[in-house]
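Peer 1: Chains U and F, in that order, give the protein sequences. For the record, in the first sequence the residue sitting at position 228 is 228 according to our numbering, with numbers rising by one throughout. For the record, in the second sequence the residue sitting at position 127 is 127 according to our numbering, with numbers rising by one throughout.
No lab work stands behind these hints, which were simulated from the structure alone. Keep in mind that the hints are not guaranteed to be accurate.
Stated by the list, open to error - Listed next, the in silico DSS-like pairs over lysine-lysine satisfying Cα-Cα at most 27 Å (straight line):
(1) K28(F) - K170(U)
(2) K136(U) - K22(F)
(3) K307(F) - K104(U)
(4) K28(F) - K272(U)
(5) K63(F) - K109(U)
(6) K28(F) - K104(U)
(7) K109(U) - K307(F)
(8) K104(U) - K22(F)
(9) K166(U) - K22(F)
(10) K310(F) - K104(U)
(11) K28(F) - K166(U)
(12) K109(U) - K22(F)
(13) K109(U) - K310(F)
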Amino acid sequence: MKKKLDFVNVIIYLLLTVITIVTIYPLLNLLAVSLSEHSAYVMNPLMVIPDRINLLPYKWVFSHPLILSSYKNTLIVTFVGTFFSMFLTSTLAYPLSNRGLRGKGLFMKLIIFTMMFNGGLIPNFYLVRSLGLLDKLWALIIPGSMSGFYVILMKNFFESIPGSLKEAAKIDGASEMFIFARIVIPLSAPILSTLSLFYAVLRWNSFFNAIVYIRDRGKWTLQLLLREIVIISNPLLNDDTSISDIPPENIKYAVIIVAIVPILCLYPFLQKYFVKGIMVGAVKG
Amino acid sequence: MGKFLKVDNNLFHERQKESFLKYVLGNKWLYILLAPGMIYLIIFHYVPIYGILIAFKELNVVKGIWESPWIGLQNFNYLFNSEAFYSILKNSLGFSFLRLLLGFPAPIILALMLNEVRSIAFKRSVQTIIYIPHFISWVVVAGIVSNVLAPTSQGVLNSILGVFGVQPVNLLIKPEYFRQVVISAEIWKQAGWGTIIYLAALSGIDPNLYEAAIVDGANRLKMIWHITLPGIMSTIIVLLILRLGRILSNGFEQIFLLYSPMVYNVADVFETYTYRVGLQEGNFGYATAVGLFQSIVGFILIVGSNKFSKRGNKEGSLW
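Only chain U is shown next, with the shape it has when bound in the complex (with noise of 0.2 Å):
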C-alpha cells in the first residue's frame, strides 16, 4: 500500500516536471538568444544560459524608429483601453449589485444575449467604419472594451460586500455614487486589479483588432510589427538606413523580449489577487 502510494507521486512530480519544463524552455531560449553573440548562437541554438553577452541589438532595437513608435502606440491602447473597460464594467455592475434595482431582469438579460451572439466581423468592421475611426488608435480602444462576463464577476463580487456598510452609509445621508466611490471600489482592490490584468493582456496582445482596423504604419501596435518582424521575417527593418551587421535572429529574439517583458512585469504584483478574484466571482456566477 505504502509503496503504490509512493509511485503515483513519484509520476505526478515527474509529469509536472516535464510539463513545467516544456512551459519555460522555449522562453529561456529566447532570452538567451537575443542577449548572446550571434556566433554563439549558431554553435548552440538550443541554449537556455545566454553566452557571450551583447547588448547591441537591444540598442538597435530602442533606436528603431518604428518599433518606438508601435511601443508608444501600445502602450497608449493597453492604458488607455484598461481605464475605459474598467470605467465601463464598474459602472455597469454596480447598480446591478443591487438587489431591489427595477429593470435589473432586462438589464441582466441584455447583458448575457451579448456573450452568446453577436453580430460578426463585417457589422462590426462596418460600424467601426461608419464611425470614422478606421485607422485610428481609437478604433483598438472602444470597440470590445467591456465583457458582459466580466461585469458579472465583478457584480458578484460587489454583491458579497456587507450590506451593512452600505446601509450605515445610507443613514449618514451619502449619495449611491459616494457609497460607490468611496466605499464599494475601495473595498474591491481584488476584483479591480484582476480584472485590470486581464483587460490590459488582452489589450496588449491584440493582433486581430489591429490586423481589421490599422492599416497606417504610424498607428502600427507591437504585435503588428511583431507578426512582420517575427512571421513575415520582413525586410522591413533593411529599408532603414540604420541598419547594422546585426544578424536578423537576435534583432527578432530582441524584439519579442522587450514586447512580452513589460505584460510578464505586472503578472507577479497581481498573482495574489487574480487567484482571490476568479474564485469569489466563478464560484457565486
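We have chain U already, so just place chain F on it with the hints.
Peer 2: Same frame as chain U, now just chain F:
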C-alpha cells in the same frame, strides 16, 4: 361595467408608472451609473446585430444599410451551394473535435495532478510557471512554434527526432499534422491558465470527505474518482457547455498566424474565411452571411446544451 374596468386598468397602470418613475428618480445615481455601460452595449453590441441586415441586402456604402436594396436569401443560397462552405465546416469541426478531445481535458488533468502535490513550494513554482504563456501573444507563440518545428538545427523537435534517426520534417506545412500543431500550441498557451478555475473548485471540496474515505480504506485513485471528480463536475459541465456553444468558433489569431497556402485545405475555418472574403475581397454581404450562420449555430448549441444539462443536474447549468 366594461368601461369601469378600463378606467381602473388605466389608473392602475398610471400608478405603477408613477411609482416606477418615482423609484428611478429616487435612485437616480444608480441609473446614471448604469447609463454609460448600457449605452456602450447598445452601440457596440446591438447596433452590429442590426448590421446583420447586410447579409440580406446589396450593400451600398453611400446609402447605408437601411436604404440598400433587399436581395433576400441570395447570399445564403450561394453559401450553402458552395464547396468552400463544406470544407470550412469540416475544418472548423475538425479543430473543435481535437480541442474537445485534447484541449478540454488538459487543464482538468493538470489541476488534478497539482491537487495531489503535497509540497507547497513545488506546487507554487509549477503554478507560477504554467500561468506564464497565457500572457504571451499569439504572434509570439506562433514565432515560437515555427522555431521549435523548424527543420534545421534551430528546431528543438527535429533535433530530438534526429537523435532517433528521423529525417527533418516541417510539420507546419504538412496538412496531416497542421491541426495537431495548432491544438498543441493552444494547450501550451492556455492549459496552465485553465487550471485556475478547477483549482478554485477543488479547494471547495470538504476535506472531511477524504478523511472518511481513508477510514474506509479507499486508495488515492478511488478518492480521485469518487470524491475529487464529482466535486468539480459542475464546473466541468459549465465549461463544457460554453465549449460546445463555440464548436464552430476556432479563434482567428492562432490559425491565421500559423497557416500557409500549403495547408489551407485543412486549416481554413469560419474566422479566416470571413476575414478573407469580407475584408480582403470586400464581399461584405456574403461574409456577413457566413458570420451569421456561425453565430446562429453557436446560439442554438449553447441554449440547447444548457437545457440538456439542466435536465441532468441543476448545478451544472448556466442559467
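Peer 1: Verify the proposed pairing of K63(F) with K109(U), using a straight-line Cα cut of 27 Å.
Peer 2: Distance of about 33 Å is beyond 27 Å: violated.
Peer 1: Tell me if the straight-line CA distance from K28(F) to K272(U) falls inside 27 Å.
Peer 2: violated, 36 Å
Peer 1: Given the hint that K136(U) pairs with K22(F), does the C-alpha gap stay at or below 27 Å?
Peer 2: Measuring from Cα to Cα gives roughly 43 Å; hence the hint is violated.
Peer 1: Holds or violated: are the alpha carbons of K28(F) and K104(U) at most 27 Å from each other?
Peer 2: Holds, at about 14 Å.
Peer 1: Between the alpha carbons of K28(F) and K170(U), is the straight-line distance 27 Å or under?
Peer 2: holds, 14 Å
Peer 1: Can you confirm whether the C-alpha distance between K310(F) and K104(U) stays at or below 27 Å?
Peer 2: holds, 24 Å
Peer 1: Please work out if K109(U) and K310(F) have their alpha carbons no farther apart than 27 Å.
Peer 2: holds, 19 Å
Peer 1: Take the C-alpha atoms of K307(F) and K104(U), compute the straight-line distance between them, and say whether it is at most 27 Å.
Peer 2: holds, 23 Å
Peer 1: Can the restraint linking K28(F) and K166(U) be considered satisfied, given a maximum Cα separation of 27 Å?
Peer 2: holds, 17 Å
Peer 1: Assess, step by step, whether the Cα of K104(U) is no farther than 27 Å from the Cα of K22(F), and give holds or violated.
Peer 2: Given pair K104(U), K22(F) holds - Cα atoms ~16 Å apart, limit 27 Å.
Peer 1: Quickly compare the C-alpha distance for K166(U) and K22(F) to 27 Å and report which way the hint goes.
Peer 2: Holds, because 21 Å separates the two Cα atoms, which is no more than 27 Å.
Peer 1: Does K109(U) pair with K22(F) here, judged by a C-alpha cut-off of 27 Å?
Peer 2: The given pair, whose Cα atoms are some 24 Å apart, holds under the 27 Å limit.
The structure fails to meet hints 2, 4, 5 from the earlier list, while all remaining hints are met.
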